[in-house]
Amino acid sequence: QKEVEQDPGPLSVPEGAIVSLNCTYSNSAFQYFMWYRQYSRKGPELLMYTYSSGNKEDGRFTAQVDKSSKYISLFIRDSQPSDSATYLCAMIQTGANNLFFGTGTRLTVIP
Amino acid sequence: SQTIHQWPATLVQPVGSPLSLECTVEGTSNPNLYWYRQAAGRGLQLLFYSVGIGQISSEVPQNLSASRPQDRQFILSSKKLLLSDSGFYLCASGLAGGRETQYFGPGTRLLVL
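Top line first, the protein sequences correspond to chains G and X.
Just so we're aligned: 5 in the numbering used here is position 5 of the first sequence, and the numbers increase by one with no gaps anywhere.
Just so we're aligned: 57 in the numbering used here is position 57 of the second sequence, and the numbers increase by one with no gaps anywhere.
Everything labelled a hint here was simulated from the structure, so no lab data went into it.
It is possible that part of the hints are untrue.
What the hints assert, rightly or not - Which residues of chain G face chain X? A partial, calculated answer using Cβ under 10 Å:
1) L46
2) L88
3) N98
4) G102
5) T103
Glycine included, each C-beta is placed from N, C-alpha and C at the ideal position.
Produce the entire structure from the sequences given, and follow the hints as far as they go.
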């Protein structure tokens, strides 16, 4: 079993839709959770960074962490064509050096 | 915030030739540094990480090596490239223990022919 599982998609939605992206994980020691956005041929850029369980909102983006279910989500409201990218989840445990990444979900927002 | 520089942006090399990719970091000191490879349509594979000058940990056996000659400089090398070394190479910087997330550079696209 992989440490982090992420549906690769691809996922296509119309402009203005609410998008839900998800990852599950197996290591209960993970404490820090991140979402990265990666445009084609570019390096990943950090979108959201959360610690432990709970929600965090930043503009149109909301990150949720449910440690009891080992499940994290990223919601994008009022999706825009510029949101079309691959979204990677990542996580790390306290005191560790290495992030564990999902394989990424490719999202296309259709105008 | 940190800025990660990588060069070159794109590289086409023949099989058997040497490789040197460089990464430098601004805006932080004593970072952990990372080299990842991303194959087309696949996730990030951690190749090497370094917690300090001269300290390199290898995650997978392969044809590549890494060095960290200065605090904010990380180099990925190969003596003889293989076709399977083609991919998108990303350098990242971060702090241990999740105290800060990892920031990525723009990447180097390597094509071995």
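Do the hints match the structure? See the list:
no.	hint	in the structure
1	L46	holds (6 Å)
2	L88	holds (7 Å)
3	N98	holds (6 Å)
4	G102	holds (7 Å)
5	T103	holds (4 Å)
The structure agrees with every numbered hint stated previously.
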